[in-house]
Amino acid sequence: MDRVSRVSRLLLGAALAATLLFAGAAPAFALVGPKVTLDQEAGGQPTRFTFVAVTDKDASISEMDFTFPAGFDLSQITLDGAQPSIDAVTLEGLVRTPVTIKVTVSGEKLALRFSPSVAASSTLRVQMRDVVTANQGGTYPLKVAYSVETSAADPVAVQQRTDDTMRFSYRTPTLAETASRALDNNAFVTNWNSIKALGMFFKPQLIVTSIPLVITGWFLALAWIAFAFPIAIVGGLGLAFMRMSKVPPVRWIAGGYINVIRGTPLFLQIFVAFIGLRIAGFRVDDNVTAVAVLAINSSAYLAEIFRAGIQSISKGQFEAASSLGMNYPQAMQYVIIPQTVKRVLPTMTSEFILLFKDTALFASVGRPELMFAAQNIVANTGNMTPFVVIAVFYLIITIPLINVVGRLEAKLAVSEHGQSPTDQPKRKGGFFRALAISNDPYRGMAPETISDDNERR
Amino acid sequence: MSQYIVDIQGLHKYFGKLEVLKGVDLQVTKGEVVVILGPSGSGKSTMLRCINKLEQPTGGKIFLEDIEITDPKTNINRVREQIGMVFQSFNLFPHLTAKGNVMLAQRKVLKRSKSEADRVAEVQLKRVGLGDKMDNFPAQLSGGQQQRVAIARALAMDPHVMLFDEVTSALDPELVRGVLDVMKELAAAGMTMLVVTHEMGFARDVASRVVFMDEGVIQEQGTPQQVFDNPQNERTKDFLGHIT
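Keeping their order, the protein sequence lines are chains A and B. To convert, note that position 394 of the first sequence is 1442 in my numbering; the numbers rise steadily by one, no gaps. To convert, note that position 177 of the second sequence is 268 in my numbering; the numbers rise steadily by one, no gaps.
Read the hints as simulated data drawn from the structure, not as lab findings. None of the values given here were measured: they were computed from a predicted structure. Among the hints, erroneous ones may be present.
What the hints assert, rightly or not - DMTMM-like, lysine to aspartate or glutamate: derived pairs with alpha carbons at most 20 Å apart:
#1 B:LYS144 to A:ASP1178
#2 A:LYS1150 to A:ASP1178
#3 A:LYS1459 to B:ASP226
#4 A:LYS1294 to B:ASP209
#5 A:LYS1294 to A:GLU1367
#6 A:LYS1363 to B:GLU257
#7 B:LYS224 to B:ASP209
#8 A:LYS1363 to B:GLU290
#9 B:LYS202 to B:ASP223
#10 B:LYS199 to B:ASP209
#11 A:LYS1191 to A:GLU1140
#12 B:LYS199 to A:GLU1367
Bound-form chain B, shown alone:
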């Protein structure tokens, strides 16, 4: 058994002639919270989306535990069950209630019974602090509440790893905290997480490792203290200088 939950080896991705990822190597062990930083266009979201093949990698290999995701023979839907993903734009199913959103894939993909799916949905929605909003439709929820439903929806599948793609970028500042609190709680509970974000505070407090990406490659990585307080790479220094 591989020691890594996610193992990315020499990942390349082209959009047409544009090379977005130019050979990325990243290994994530169980329980790690990896925060990926970088300017826009640096390829960090693309890398995340390659992990569950929402983007088709052009070259390189990606493993989830012992399964090679990039192998065409792999049933990608079985892999995706084990990778939870939360999007910048929430992507809740607007025709279903909060609980319906959390139950749908449990029922149809994991084939859980209705009562089991219902029970799990309640547990996960309470966990993200929405025990009183279970029967509300997405349009009746604030952005922050919608994003927390999206997290509960991913968690209900019992994923081995969670991918967060700029999950607070579309939120009003006062709603960001609730989402970050949920993510902190998740990290504390030992969930393996890959987080693309611009929330430096979150990265500093929660990350077990910070990865700085630019121009399609990982420029620098290390503990938050190493990267934030003593960056080695010129680009990292430049980026952090602009942010803070």
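Excised from the complex, chain A in its bound form:
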């Protein structure tokens, strides 16, 4: 990347030089294609400015003054020591040659004196670190004035030139970035971060900066589930009835679907949908694909939950409904399904929790949900804090639902066994219940159906 941009800069410089030469009207002995880049996107912080230009034919540069816009702070620039803020090199192909410089800072002005002068027809790069930009974002000019010595004249002529065509831009820092910088200067935070376990997993600056970055991933995951789960409920119900059908082929189709989906990892299903389909030439919207994969996967689990739920209703209920003259659909609609819903609601909620957590797997195919967002920040910062942040985002959804499951189970016990709520042992510790559920090998099964041959994914 660096090399490519360097080559393109050289080409740009050469093209401009050629244009000027052929035009003939060009001011002689100028800097060709001056350009400035920044290493920060947001203002209000120490920033490295990288200036690149090509010196003209027969023209060497002896001095160069940069004038930064008003409100920029150059006081953090250090000129001595092992790592001075300012350096200059000439680039020729892959060879870079340091240029000795003398720097003086006054106000917003940075004056450079080269010794010896930068030779003609060479690419000059000046790096200016620790320039604190103004907070307000926008497009700013960087003025450069320079002295050109030309060997084409005799005696050597010195000309003063200025260039005010260079522009750079950045944005105003976000609230989180501002907060993070404030934390940088906080003594308590500094001490906190000096303890490795805390600084590595609970770095306050990263907590504030990662929240706005991962929250869109959270909403994306929730949006997927909001579409996928209702589809899965309808699909699961259909599959459950197919599985109980009196027509063998219908039963086989549903059984095959359920077994294949439940018998293969969701991870694999995601890869087939995202990579396999693409290779096969199908181009489907990524979010549609994600919703489809989640719905397909969950419908198989829900089908088994529903089937077990329906079959757990005693035969006598159906007989009672029949003896009153109800037909099959009526008995299902008014007698069997309402009881099933109540009975499968806790298991269904657990399935919802698991499905929500499974959205993390989509990071593997680059969908920007929570896990993906966190991985990016971790890769950039080498700090684990974003993982802790997204853990909290998952828990915001899962812990209340785990409590709901507990309450539903208690309520179910009351309605089926006539036990009053006070007879129920109070459930405690949502967090540990969460762990228990995630390790439950019988996920997605009604209690009545659990036996040794029911293997979980």
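With the hints as your guide, set chain B onto chain A.
The following block gives chain B in isolation, referenced to the frame of chain A:
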């Protein structure tokens, strides 16, 4: 019009290779209370369940008034509306209140209006002595109360005949009386009833006819006095000897 409400002719029923009913003939006229006795496994419950086709008869014919139930072209759900059935295990709908249980089929099967179904439910629940339990869920009722709701639920459909399948067998002894009282009241009101039971007292007091079944056939039938005090069949004698 047939003189019988229920007319069973040569009924056979197999479960796999096991022949449970080996040719049963039974005719019930309007207003009769027929009590069916017999040891367990004698086929009396199966016969009752064949009448509303909860069991599919293997052979023979069953008529409800002029309708042949065993004819495959008969809409069985229309027949079942007219046959009330009460089960040993109550089978109330646990997600509905007592009143909801009595109203459901009235609304969905008979298409009665909500207010009409509501009115009938109240009448029937009061009739079985549960006027104060209408809004209770089954789990909040005792077994005897649940069974009486089940009777009210069947009665609300205005059945032509009521089938009782060992309705007191699952009840604690002190709850049996309330259910039997309701059944006596029904019999007194002229309801046609087929009752499978082990309650000999009820059979003696209420039955207009007692039928003794064993090994899939009717062994003996007659008035309670005939069957209880002067049984002709050896098996009947043996059975009654064990009971009393």
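Structure-based check of each hint:
1. B:LYS144 to A:ASP1178: violated, 91 Å
2. A:LYS1150 to A:ASP1178: Within the cut-off at roughly 17 Å; holds.
3. A:LYS1459 to B:ASP226: Holds - the C-alpha atoms of ASP226 (chain B) and LYS1459 (chain A) are around 18 Å apart, at most 20 Å.
4. A:LYS1294 to B:ASP209: violated, 37 Å
5. A:LYS1294 to A:GLU1367: Status holds; Cα separation ~18 Å.
6. A:LYS1363 to B:GLU257: holds, 17 Å
7. B:LYS224 to B:ASP209: Distance ~14 Å between LYS224 (chain B) and ASP209 (chain B) Cα, so the pair holds.
8. A:LYS1363 to B:GLU290: violated, 26 Å
9. B:LYS202 to B:ASP223: violated, 26 Å
10. B:LYS199 to B:ASP209: OK: LYS199 (chain B) and ASP209 (chain B) at ~13 Å, within 20 Å.
11. A:LYS1191 to A:GLU1140: violated, 25 Å
12. B:LYS199 to A:GLU1367: holds, 16 Å
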